[in-house]
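Enquirer: One-letter residues, chain by chain:
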Amino acid sequence: MSRIVETRQLTPVTKMFVLDNRLIAESAQAGQFVMLRVHKDGERIPVTIADYDREAGTITIVVQAVGATTRRVDALDVGDEILDVAGPLGSPIEIPDGGAHVVGVGGGFGAAALLCLMREIHAKGNTATAIVGARNQDLLIMTNELLGVADNVEICTDDGSAGMKGFVTQRLAQLMDGQGPGRPDRVIAIGPMAMMRAIAAATKESGIKTMVSMDPLMVDGTGMCGGCRVIVDGKSQFACIDGPVFDAQLVDFDLAMRRNKAYAEQEKAAAKRLACAPAEAV
Amino acid sequence: MPVKRFDKTPMPTQVAGMRAHNFLEVNEGYTEDHARFEAERCLRCQDPICVTGCPVGVPIPQFIHAVALGDRQGASRLLRSANPLASVCGRVCAQENQCEARCSLAGRFNPVAIGHLERFVADWERTQTHEAKPQITRTEKVAIIGSGPAGLVCAGELARLGYSVTIYEALHAPGGVLRYGIPEFRLPKDILDWEISLLTDLGVKIECNVIIGRTLSLDQLTTKMGYSAVFIGTGAGLPQFLGIPGENLVGVYSANEYLTRVNLMRGYSADADTPVAHGESVAIVGAGNTAMDAVRTAMRMGASKAMVIYRRSETEMSAREEEYHHAKEEGVEFHCLTNPLEIIDDGNGRVAALRCQRMVLGEPDKSGRARPVAIPDSEFVIPVDNVVLAIGTTPNPMLTRTTAGLSTTPSGCIVADERTGSTSRSLVFAGGDAVSGAATVILAAGAGKRAASAIHETLNPG
Ligand SMILES: Cc1cc2nc3c(=O)[nH]c(=O)nc-3n(C[C@H](O)[C@H](O)[C@H](O)COP(=O)(O)OP(=O)(O)OC[C@H]3O[C@@H](n4cnc5c(N)ncnc54)[C@H](O)[C@@H]3O)c2cc1C
Ligand SMILES: Cc1cc2nc3c(=O)[nH]c(=O)nc-3n(C[C@H](O)[C@H](O)[C@H](O)COP(=O)(O)OP(=O)(O)OC[C@H]3O[C@@H](n4cnc5c(N)ncnc54)[C@H](O)[C@@H]3O)c2cc1C
Ligand code: SF4
Ligand code: FES
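Which chain is which? The protein sequence lines are B and V, in order.
Using my numbering, the letters of the first sequence map in sequence onto residues 1 to 282.
Using my numbering, the letters of the second sequence map in sequence onto residues 1001 to 1462.
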C-alpha cells in the first residue's frame, strides 16, 4: 500500500501523484518504472517513475487516463491508498560519466519522466537538455519543474502557442545542426511510440547514440510472462527486465506498435464497465 | 490386515463433460471410507521402499497405517513432520514417478494410492482448528527471497525453530507458481491461502511487492537490515520461446502469461480488468504439466478445440499421468510427433494458423529420450486463434543480475550445495527451481527444508 500525499491535475487527462513509498524512493533511478494495482480484481499496469525524493521517501508518477485502470488511478486523491506498488523495475538508463551533452526528448507523460533523468544527467557532470512537446500550451506538462533540473529546456508546440512551433523532432534536428544548446552526444526519448520512432529516424544517419523507452503491454513486470517482449537487433528481449530502454536504431517499432493493440476490444469493454466512454488520448 | 486388492481405489472426480467448463477442482477427494479401504492395501513393508522415492522422506507406511486405524490426527502429525506442504503435494506431486513407482505392490498390482491418501489427511487437517502461536525464541532474523514452495517451506521450518522470518515476494500475492501457474481446478487457491496462513500464524512475515535486487539489495538485507542469513527461492519463471517465425504475432502467449492472466489476475472472472484471449481454437506447444494446465484452461475459457502439439510421442510426455488422462477425458486433442515450424499471420498481425511437420522417433538424445526426426514432405497447416508456448522456463534473473559474488551456471542457475543449499556467498543459501532449473514442487520444498536445517546449524552450531 502506498498513500497518495500530493496530486496535481496537469491536463484534463493527465494527473501527477506523489506517493509515500520509502523503499522505492531510496532505490529508484531514472528509466525505471513501478507496477500498480488499484483494486483486488484490478490489472497490474506499468508506470514510469517520473521523479523520486530519497529524503522525503516519495516517488512521483504521472498518469494519463486512457482506459479502465488508468482512469481508476485518475479518480484517486490525496489520502487515498494505492493497493499495490511494486518497484523500481527495469534497468536504469545508462548515463555518461560526465562531459557529454545529453538530450532527453519527452512527449505526453514522457515529459514527466525527464525530471529525474535530467537531474541525474546534470549531477554526473553532463549538460542536460530537455526537449518537450505537445499539441498546444495547455497540454505541456512539467515545464517549470524541468527548468529547475535541466540546463536547457526546449519547448515545442504544434500550434506555436508556447515555444517553437513544430515537432520535437524538428527541434532535435536544429540542435544536431548546432543551434541552441548544440549537437547532442546522446539522445534519450520517452513518449508515444510514434514519437520515439520519429526520433530514431531523425538521429539514424548522425551516429548519435539514441535510446528509447519502450512501453509494451506488461502483465507482471518481473520477467515471468514474456508478454512485454520486443524485438531488438532481431532478438526477443523482455522490456521489463532487459529494458525498458533500448538502442533506438535496433528496435522493431512496427511490431511493437502492433502488439500494443492486442486487446483493444477487451480494453474498451473494461472501460465501458467503468461506465464511461474511452477518453481521447492526448 | 493389509488386503491384496489389485486396483487403486479410484479418486472421485467431477464428470468430464461438466468440469471441462468450470474452474472447480476436478478431484473431489476420498471420503473416510475410501481412505480406510485404500489404506488397508498397504503391506506396511519392513523395508518401505516407497519412502526412498519420496524427496522429503514422508514416513509413508506409518501415516497410511494411522489412516487405516481411523487415527487422522496421528496421520496428519506424521505427514506434516516430513512434508510441510502436504495439502499441495497430495494434489500436484507426480507420485507415479516417486513413492508410488517404488511401492512393492506396483509390479503385479496397482501401487497404493499414496498421493490420494496424503491429500485425504491434509484435507482433514484443514477442517481442524489450529492454535499455532508465534514462538520467536531467537534473536537472529532470516530473510527468504521468493514465496514459492521452496521459500514457504524454508520459512516454516525456521519459524518452528524459533527464528524471526520475513519472506520478500516480487508479485502482489505469495505462492510462486502455486499462485500464478497451477490453476484453480487442480490446486484451489483456498488451499494455498490456508497453507500460507499456517506460516503467518507462526509469526512469518510476508512482504509482497518487494523485488530483491531492485527494491532492496541482497547486501542491504545482510548489512543494514540485520538479517543473519538469507535463503533464495526465486524460481525459474522466465519463459522460453521457440524462435520460429510468427512467434510475436498477437495471440501468441507463453504459458506463464496465459496462466497468469487467468489465475493470478483472475481472467476467468468477467469482472477482472486483465484481458485474456478466448480463442475458439487454441494450440498449446509442449507436453509437460504446464502444457496440460494451459490446454485445460483453454477448454475452460471456452475453446471448442483445445490441442496439444508435441514433437515426441505420448510416452515421452513429462506431465503427470493423471493430468494427461484428465485432459483426454475433457476432450483435449493430442497431436503427437508434430513439430511446429511457423505461426501464420492472418494479414493483420494476428494468429491464423500453425504450420507443422510430422516426426518419427529416432535414436535417444542427451536427455535419454528418443530424438524426434522430421519426415520429409510432411508439412501441414492447422487453423488456430491462439498459440500458447509451454516449452520450458529458466531462472528469473532479477536477483542474480544485480547481486555481486553470487555464482551462477551458464544457464543462469544459482550454484548451491545439494545438501545444504549454501552458495558462493557466506550465509546466503538457495534452493528450488532457482538452483535446479524448472523441476517440481516437492523438490523445491525439500531444498527449502534442507536449507533451513543448514541455516540453523550455521547460526546455532551444536
Ligand atoms: C515501461 C512503461 C512505462 C509506462 N509509463 C507510463 C506513465 O508514466 N504514465 C502513463 O500514464 N502510462 C504509462 N505507461 C502506459 C500505461 O501502462 C498504460 O497506459 C496502461 O497500462 C493502460 O491501462 P488502462 O487499463 O488504463 O488502459 P487499457 O484499457 O489497457 O488501454 C487503453 C488504451 O491505451 C492503449 N495502451 C494500453 N497499454 C499501453 C501501453 N503500454 N502503451 C501505449 N498504449 C497503451 C491501449 O491500446 C488502448 O488503446 C507505461 C507503460 C510501460 C510499459
Ligand atoms: C503451470 C505449471 C504447472 C506445474 N505443475 C506442477 C505439478 O503438477 N507438480 C509439480 O511437482 N510441479 C509442477 N510445476 C513445477 C513447480 O511449480 C515448480 O517446480 C515449483 O513451484 C518451484 O518452486 P520454487 O519455490 O523454486 O519457485 P517458484 O514457485 O517459481 O517461486 C518463486 C517466487 O519467487 C519470486 N521472485 C523471483 N525473483 C524474486 C526477487 N528478486 N525478489 C522477490 N521475489 C522474487 C517469484 O515472483 C515467485 O513468486 C508446475 C509449474 C508450472 C509453471
Ligand atoms: S511400498 Fe507400498 S505397500 Fe510397502 S509400505 Fe510403501 S506404500 Fe505400503
Ligand atoms: S511483463 Fe511479464 S515478462 Fe515483462
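In case anyone wonders, no lab produced these hints; they're calculated from the structure.
Small disclaimer: the values here were computed from a predicted structure and weren't measured.
Glycine included, C-beta positions come from ideal geometry on N, C-alpha and C.
It is possible that part of the hints are untrue.
Chain V is faced by these chain B residues, among others (derived, beta-carbon under 7 Å) [to be verified]:
no. : residue
1   : Thr69
2   : Arg71
3   : Ala75
4   : Val78
5   : Gly79
6   : Pro88
7   : Val219
8   : Gly223
9   : Asp233
10  : Lys235
11  : Gln237
12  : Leu255
13  : Asn260
Enquirer: Min Cβ distance, Leu255/B to chain V: is it shorter than 7 Å?
Expert: Cβ of Leu255/B sits 6 Å from chain V, so the hint holds.
Enquirer: Would the stated hint for Gln237/B survive a check requiring a Cβ distance to chain V of less than 7 Å?
Expert: 11 Å, violated
Enquirer: Using 7 Å as the Cβ threshold, decide whether Ala75/B counts as touching chain V.
Expert: Because about 14 Å separates Ala75/B from the closest Cβ in chain V, which is outside the 7 Å limit, the hint is violated.
Enquirer: May I ask you to test the interface hint for Gly223/B with respect to chain V, counting a Cβ-Cβ separation under 7 Å as satisfied?
Expert: 5 Å, holds
Enquirer: Holds or violated: Val219/B as interface residue toward chain V, Cβ cutoff 7 Å?
Expert: 6 Å, holds
Enquirer: At a threshold of 7 Å, is the proposed contact between Pro88/B and chain V supported by beta-carbon distances?
Expert: Since the shortest Cβ distance to chain V is 6 Å, the answer is holds.
Enquirer: Would the hint on Asn260/B stand, with a C-beta cut-off of 7 Å toward chain V?
Expert: 9 Å, violated
Enquirer: Measuring from the C-beta of Asp233/B to each C-beta in chain V, is the shortest one below 7 Å?
Expert: With a closest approach of 14 Å, the Asp233/B hint is violated.
Enquirer: Next item in the hint list is Arg71/B. Is there a CB on chain V closer than 7 Å to its CB?
Expert: 11 Å, violated
Enquirer: Min Cβ distance, Thr69/B to chain V: is it shorter than 7 Å?
Expert: Result: holds, 6 Å to nearest chain V Cβ.
Enquirer: Go through the hint on Val78/B and say holds or violated, using the shortest Cβ distance to chain V against 7 Å.
Expert: 22 Å, violated
Enquirer: Quick check on Gly79/B please, does its C-beta sit within 7 Å of some C-beta on chain V?
Expert: 20 Å, violated
Hint check: violations occur at hints 2, 3, 4, 5, 9, 10, 11, 13; the rest are consistent with the structure.
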